[in-house]
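Asks: Each chain, written out:
Number of protein chains: 2
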Amino acid sequence: MNINQKAVNALRILSADQIQKANSGHPGLPLGAAPAAYELWANHMNHNPKNPNWSNRDRFILSAGHGSALLYSLLHMFGYEGMTIDELKNFRQFGHLTPGHPEYGHTIGVESTTGPLGAGVSTAVGMAMAESHLASVFNRDGYPVVDHYTFAMTGDGCLMEGVAYEALSLAGTLKLDKLIVMYDSNDITIEGDTSTAFKEDVAARFKAFGFQVQIVEDGNDIESIGKAIENAKADKERPSLIICRTQIGYGCPAKVGKASAHGEPLGEENVKELRKFLGWENENEFEVSSDIYSHYKKIADINADKEARWTEMFERYCNEFPELKEKWNLFHGELDTNKLEDEAFWSYETKAMATRATSGDIINKLKDMYQNLIGGSADLAPSNKTEMKGEGFFSPENRSGRNIHFGVREMAMTAITNGLYLHGGLKPFCATFFVFSDFMKPMIRLAALMGLPVAYVLTHDSIGVGEDGPTHEPVEQLAMLRTIPNLNVFRPADYTETAVAWASAIKSKSTPTALVLTRQNLPQLEGSSREAEKGAYVLSEASNKENIDLIIMASGSEVELAINAKVELEKEGYSVRVVSVPCMDLFEIQSCEYKEFVLPSYVKSRLAVEAGSTMPWFKYVGLEGDVIGMTSFGASAPAGVLFKHFGFTTENVVEKAKNILKK
Amino acid sequence: MNINQKAVNALRILSADQIQKANSGHPGLPLGAAPAAYELWANHMNHNPKNPNWSNRDRFILSAGHGSALLYSLLHMFGYEGMTIDELKNFRQFGHLTPGHPEYGHTIGVESTTGPLGAGVSTAVGMAMAESHLASVFNRDGYPVVDHYTFAMTGDGCLMEGVAYEALSLAGTLKLDKLIVMYDSNDITIEGDTSTAFKEDVAARFKAFGFQVQIVEDGNDIESIGKAIENAKADKERPSLIICRTQIGYGCPAKVGKASAHGEPLGEENVKELRKFLGWENENEFEVSSDIYSHYKKIADINADKEARWTEMFERYCNEFPELKEKWNLFHGELDTNKLEDEAFWSYETKAMATRATSGDIINKLKDMYQNLIGGSADLAPSNKTEMKGEGFFSPENRSGRNIHFGVREMAMTAITNGLYLHGGLKPFCATFFVFSDFMKPMIRLAALMGLPVAYVLTHDSIGVGEDGPTHEPVEQLAMLRTIPNLNVFRPADYTETAVAWASAIKSKSTPTALVLTRQNLPQLEGSSREAEKGAYVLSEASNKENIDLIIMASGSEVELAINAKVELEKEGYSVRVVSVPCMDLFEIQSCEYKEFVLPSYVKSRLAVEAGSTMPWFKYVGLEGDVIGMTSFGASAPAGVLFKHFGFTTENVVEKAKNILKK
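Respectively, the protein sequence lines represent chains Z and G. Note that UniProt numbering has the first sequence beginning at 1, numbered continuously upward. Note that UniProt numbering has the second sequence beginning at 1, numbered continuously upward.
These are calculated hints, taken from the structure and not from any lab test. Check the hints yourself; a few may be wrong.
Dumping the calculated DSSO-like pairs for lysine-lysine here, alpha-carbon to alpha-carbon at most 30 Å [claimed, not checked]:
hint, chain 1, residue 1, chain 2, residue 2
1, Z, K89, Z, K258
2, Z, K233, G, K207
3, Z, K236, G, K207
4, Z, K662, G, K595
5, G, K89, Z, K258
6, G, K199, G, K258
7, G, K351, Z, K389
8, Z, K619, G, K604
9, G, K662, Z, K595
10, Z, K658, G, K595
11, G, K339, G, K365
12, G, K89, Z, K644
13, Z, K663, G, K619
14, Z, K207, G, K207
15, Z, K663, G, K545
16, G, K258, Z, K367
17, G, K306, G, K227
18, Z, K644, G, K619
19, G, K367, G, K351
20, G, K663, Z, K619
21, G, K644, Z, K619
22, G, K595, Z, K604
23, G, K658, Z, K595
What follows is a list of derived Cβ distance ranges for each label pair [unchecked claim]:
hint, chain 1, residue 1, chain 2, residue 2, range
24, Z, D201, G, S195, 21 to 27 Å
25, Z, E237, G, I215, 23 to 29 Å
26, G, S601, Z, S632, 23 to 29 Å
If you only want the chain Z side, here are some residues facing chain G, beta carbon under 10 Å, derived [as the list claims (entries may be wrong)]:
hint, residue
27, G100
28, P116
29, T194
30, A203
31, G376
32, R399
33, F436
34, R482
35, K619
Built from N, CA and C at the ideal position, the CB exists for glycine as well.
Go ahead and model the full structure; you've got the sequences and the hints to work with.
Replies: Here's what the structure looks like:
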């Protein structure tokens with residue numbers, strides 16, 4: 001057996017051993033796709049195991065994340081830091097580097113968390129966009145300092161998912177020629193033959209997107225795979241799809257070609273048969289002979305050399321273009337948050353404005369402060385107010401455009417935004433109507449899980465949408481986002497609070513930020529302040545602050561209502577505090593003292609007002625308080641009519657307040 | 001001007017007038033697509049305005065729901081009940097039949113609520129599947145009692161959305177030859193030229209799916225449109241796409257071909273210009289001459305005749321096949337819920353079982369009780385336990401299969417399930433892992449908004465997923481679903497509660513039901529009962545029920561934990577009640593007396609335990625209580641390790657309980 005074959009089989013055996021020892025996992029893909037993965041990682045991908053952070057490395061995303069054992073085997077064999085044989089032995093165990101699905105930030109060498117099908121390949125599109133944009137910003141003649149490929153490995157499942165369709169259709173439109181998708185086509189899904197649910201001509205579909213498409217008929221033929229990868233690289237106009245026809249569970253006679261190979265351990269006996277088939281009978285569990293390790297090491301050393309050559313070029317580049325060196329550092333270092341202290345950032349005209357328009361103004365300040373800010377909308381930029389004026393739109397003709405036309409593709413947009421960040425060098429945001437955060441949800445969750453400080457501009461945030469009606473009026477979306485761990489959800493009430501929200505998004509290092517913004521105009525509030533950074537704060541103090549009768553809490557467009565109700569109640573002799581709550585998530589992490597200061601325990605009369613689900617507020621109003629919110633879907637009518645119909649009036653707030661006070 | 005042209009222009013003018021009067025709406029599509037819509041409704045679609053419920057009518061879905069003014073104009077001109085000229089004058093006003101986007105159940109003649117792009121055409125796929133399935137069940141030689149087409153009208157936006165891709169790829173696989181998609185291709189989106197974000201070869205893409213594809217180069221040429229529709233009908237093997245090249249805002253010189261035509265009123269002046277262009281200067285606002293009304297009426301009468309002929313055939317059919325008549329009535333009437341009182345439905349083996357397995361057993365009882373139960377999974381049937389044994393899988397070769405291979409397409413699955421129900425005659429469900437309800441969310445919302453009593457089987461409901469790790473472990477999904485208005489979310493604890501959940505889903509007439517089920521085994525609980533129907537009930541009473549020290553609330557897998565903790569606490573002399581909360585939504589609608597009985601106000605010491613977000617529980621535990629839940633994402637490890645790590649142990653519940661009791 002030649003060394004390449006042995007190297008491939010080492011991946012297979014290590015994968016099978018991991019899964020068998022854990023008694024849990026997915027052997028099907030690792031056994032079938034090991035040759036393609038090996039050929040790619042060994043002979044076509046620039047990556048330096050000694051420095052997984054090399055900015056110009058090729059990116060690899062295992063979109064079929066359930067095949068994680070294969071990725072861990074690769075990382076182990078190439079000598080990535082921390083990925084010892086002991087970690088492989090602890091596959092899927094608590095506190096180890098080898099979780100069930102690959103996790104970014106947890107395991108060195110994992111470029112993105114994957115598992116939910118379609119997410120990885122969509123994220124890869126974002127990475128390829130980032131590469132292309134940064135290349136246009138930084139590269140100069142003879143200095144291709146940003147010049148790498150992005151590889152994604154997908155299975156049938158990924159390609160059935162709508163998010164992958166959306167992202168790859170955009171990839172074709174944008175001619176992302178350095179995106180190379182490797183499709184492990186094994187004709188098997190969990191429910192049986194892929195053809196039961198997926199008979200489309202995948203090659204023709206991708207050609208329709210504008211992809212180069214190649215088919216490798218024998219997924220064990222690494223020479224053909226290698227040629228296909230080189231052809232893909234050679235195409236300077238189109239992204240590429242390489243269809244590798246493989247057999248799920250290859251090498252395991254009882255499992256090959258069967259759905260049962262996908263997601264269950266092979267079983268002790270079948271692992272034995274696999275070892276026999278692959279000529280691996282003399283090694284113990286998790287044992288790989290030293291010649292194979294040496295072979296991998298040799299490749300790793302060649303790759304270290306590649307980085308060394310790049311570093312040498314980069315040093316010359318920095319000498320020749322000191323201004324670009326400075327810009328590079330701005331892009332690749334931490335953002336300078338001192339800039340946010342500029343008075344200009346916090347100053348505004350004292351006129352009523354929709355917070356979406358306010359956000360638009362702020363974005364246009366930020367674009368000059370942070371030149372690596374990049375983003376766009378799912379075909380709603382004029383409504384979301386997200387266009388960075390004068391910065392152009394990213395396109396095949398204009399790679400330096402900082403605005404992105406995502407098209408009507410909310411989910412892919414969100415995954416791509418993850419990819420833009422994960423690549424490194426950029427601070428991305430994306431935007432749509434708040435109600436369509438429903439379509440973004442699975443990818444927002446991944447951003448939160450990965451800890452990516454991206455931003456979401458979500459406008460038209462309530463029944464204030466008005467005439468477009470219930471399909472376009474968010475109700476439960478605030479609760480949906482607020483329950484995602486590690487996501488800061490802001491619903492600001494005016495300019496100052498919107499600026500706080502954006503400043504928080506800029507400062508964030510490992511938490512995504514959602515900005516939930518109005519369609520309709522809101523006044524600039526007296527009393528709003530940068531205290532909003534604490535998530536909740538006293539915006540309007542009670543007349544007798546030592547003896548508060550009632551606290552009214554509100555966010556966004558309802559803060560004005562709370563203030564108006566307070567005025568009425570104070571006229572009747574009540575002492576009423578108004579607390580603005582722009583971000584529950586940040587309020588939660590304040591000190592107990594601060595929380596007690598804002599919401600003193602002795603005040604049991606509490607009322608919350610928000611044009612969304614009531615659920616998030618019970619934590620603060622308790623059993624004795626009340627919430628004015630939405631308990632049904634909205635309706636189609638002018639916004640003013642709806643606010644009145646659904647009880648968002650001063651009169652109703654006053655009445656509900658009195659009901660509480662009477663208790 | 002010939003009468004057809006006048007009839008087309010009437011639709012345009014009425015649409016423009018509606019939008020102008022409301023000063024809100026989307027004129028672009030109505031002006032461009034009026035000829036195609038007219039030709040279809042007038043000359044190719046079987047529909048009887050006098051009986052919009054005719055079971056064998058052709059279905060029409062305006063997937064580009066923002067073009068609602070066009071649909072209302074059609075309904076008005078054809079004389080659909082209620083759609084008076086006054087309703088058109090009250091476009092987008094509160095309490096009228098003409099909301100911003102079409103709403104099913106609100107406006108007669110609207111087959112599905114649309115607006116979120118991609119949803120409508122995906123729902124249409126479900127309708128076409130329903131037609132095909134019911135045809136195979138009911139049709140007999142010479143009696144095509146189920147024999148109609150499903151038409152969807154889409155724009156660019158719909159076809160960019162992933163959900164539409166997913167659904168249409170499946171439509172091709174399933175060879176739904178009676179699905180005809182009309183694509184209003186006007187090259188314009190909100191952000192400008194469609195080509196900025198969507199350059200794919202749509203015709204080639206659909207051919208790759210297995211569609212017949214035709215292009216009508218001039219969207220004003222109704223003769224060509226008519227021929228294309230007839231060609232589409234003639235294809236008995238493939239679904240069809242008809243690409244109509246149109247001009248957005250046709251007829252309005254200042255707006256034609258511009259993005260601004262999409263979503264803003266044309267403006268008074270431009271409406272005048274439109275009237276001039278269309279030869280409509282002599283009529284007042286909302287005025288249509290009587291010859292045009294007569295023309296539409298003539299067509300409506302022809303259609304009434306079509307139904308009469310069908311009815312005559314159906315009567316002969318009923319006489320000839322009395323057993324099919326009976327079956328038809330079972331399918332098309334209300335479900336016989338008395339069957340749910342059968343002892344067999346409620347009986348079970350007293351062994352530990354995962355609720356997903358329990359649900360699987362129940363589904364296999366229900367399939368015989370309700371022969372119109374139909375459903376499937378997004379490629380996870382073996383895990384979701386949803387296969388109806390012996391009922392076959394729906395496919396081009398087996399239209400009578402009641403199991404559906406949806407493929408890895410959670411969002412389209414959910415939209416298709418809406419369509420299966422909306423068609424009439426079927427009781428559908430669909431299934432995936434609970435964490436992937438994220439992908440279903442936008443379409444679940446539409447089901448809830450439309451009031452469709454479909455069911456969702458959502459298994460692997462917590463960190464109990466174990467080794468697959470945080471990407472596969474739901475945390476915030478319970479809160480996400482519980483905040484959707486008009487959705488019953490069940491998280492049952494054992495067989496009895498799972499049966500209650502399914503019985504509730506069967507009984508439901510206008511509310512979808514989510515069944516959130518465990519991967520891991522749970523014991524059959526002593527004390528669980530059909531009281532679960534009330535959403536929450538006393539499962540284990542306190543030793544001193546007149547003087548309760550503490551209430552522990554829990555759902556699903558954590559009920560057992562609550563009971564174990566109670567036992568420990570009672571040993572120490574506390575009087576502790578355990579309340580099982582399988583469905584908060586149903587508990588909320590119980591009487592105040594019942595709620596007070598279950599959760600007496602005097603008991604302030606309350607603890608909730610659920611392996612999900614804490615947010616939903618504060619409404620019940622108040623400021624003095626506590627919640628043991630998930631405040632972070634999960635991790636990859638065996639389930640037992642995770643439950644312990646995240647505090648779901650008897651010890652921790654006892655400790656937290658004591659902390660509350662000490663307050």
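Asks: It remains to establish, for every hint, whether it holds in the given structure.
Replies: Do the hints match the structure? See the list:
1. Distance hint between K89/Z and K258/Z is fulfilled; the C-alpha atoms sit about 26 Å from each other, no more than 30 Å.
2. Restraint check for K233/Z and K207/G: satisfied, since their Cα atoms lie roughly 28 Å apart, inside the 30 Å limit.
3. Taking the CA atoms of K236/Z and K207/G, the gap is near 27 Å; set against the 30 Å cutoff, the hint holds.
4. Distance check on the hinted pair: K662/Z and K595/G sit about 22 Å apart at the alpha-carbon level, within 30 Å; holds.
5. For the suggested pair K89/G and K258/Z, the alpha carbons sit about 61 Å apart, so the restraint of at most 30 Å is broken.
6. For a cut-off of 30 Å, the pair hint linking K199/G to K258/G stands: about 18 Å separates their Cα positions.
7. A C-alpha spacing of about 66 Å is found between K351/G and K389/Z, which places the hinted pair above 30 Å, so the restraint is violated.
8. Simply put, K619/Z and K604/G have alpha-carbon atoms about 14 Å apart, close enough for the 30 Å limit, and the pair holds.
9. For a cut-off of 30 Å, the pair hint linking K662/G to K595/Z stands: about 22 Å separates their Cα positions.
10. Distance check on the hinted pair: K658/Z and K595/G sit about 24 Å apart at the alpha-carbon level, within 30 Å; holds.
11. Distance hint between K339/G and K365/G is fulfilled; the C-alpha atoms sit about 11 Å from each other, no more than 30 Å.
12. A C-alpha spacing of about 22 Å is found between K89/G and K644/Z, which places the hinted pair at or below 30 Å, so the restraint holds.
13. For the suggested pair K663/Z and K619/G, the alpha carbons sit about 18 Å apart, so the restraint of at most 30 Å is met.
14. Between K207/Z and K207/G the alpha-carbon distance is near 11 Å, which keeps this suggested pair within the 30 Å criterion.
15. Note on K663/Z and K545/G: the hinted pairing holds, with a Cα-Cα distance of about 26 Å set against a maximum of 30 Å.
16. The suggested pairing of K258/G with K367/Z holds, with an alpha-carbon distance near 28 Å, which does not exceed 30 Å.
17. Proximity of K306/G to K227/G is assessed by CA-CA distance (about 21 Å); at most 30 Å being required, the pair is judged to hold.
18. Among the hinted pairs, K644/Z with K619/G is consistent with the structure: their alpha-carbon atoms are about 26 Å apart, no more than 30 Å.
19. Pair hint K367/G plus K351/G holds up; C-alpha atoms about 23 Å apart against a cutoff of 30 Å.
20. Of the pairs offered as hints, the one joining K663/G and K619/Z holds, with about 18 Å between alpha carbons and a cut-off of 30 Å not exceeded.
21. Between the alpha carbons of K644/G and K619/Z the distance comes to roughly 26 Å, so the proposed pair stays at or under 30 Å and holds.
22. For the hint pairing K595/G with K604/Z, the CA-to-CA distance comes to about 21 Å; that is within 30 Å, so the pair holds.
23. Distance check on the hinted pair: K658/G and K595/Z sit about 24 Å apart at the alpha-carbon level, within 30 Å; holds.
24. Our hint of 21 to 27 Å for D201/Z and S195/G holds, since their Cβ atoms are close to 24 Å apart.
25. The hint said 23 to 29 Å for the Cβ distance between E237/Z and I215/G, and at roughly 26 Å that hint holds.
26. At roughly 27 Å, the beta carbons of S601/G and S632/Z sit within the given window of 23 to 29 Å.
27. Interface restraint check for G100/Z: the shortest CB-CB distance to chain G comes to about 4 Å, inside 10 Å, so the restraint holds.
28. With a least beta-carbon distance of about 6 Å to chain G, the hint placing P116/Z at the interface is held under the 10 Å criterion.
29. Interface hint at T194/Z: satisfied, since its Cβ lies 8 Å from the closest Cβ of chain G, which is below the 10 Å cut-off.
30. Among the interface hints, the one on A203/Z holds; its C-beta lies about 8 Å from the nearest C-beta in chain G, closer than the 10 Å criterion.
31. Checking G376/Z against chain G by beta carbon gives a least distance of about 8 Å; that is within 10 Å, so the hint holds.
32. Interface hint at R399/Z: violated, since its Cβ lies 14 Å from the closest Cβ of chain G, which is beyond the 10 Å cut-off.
33. Taking 10 Å as the C-beta cut-off, the interface hint given for F436/Z holds, the closest approach to chain G being about 7 Å.
34. Restraint check, R482/Z versus chain G: the minimum CB separation of about 7 Å is within 10 Å; hint holds.
35. Restraint check, K619/Z versus chain G: the minimum CB separation of about 4 Å is within 10 Å; hint holds.
In the structure shown, a violation is registered for the earlier hints numbered 5, 7, 32, in ascending order.
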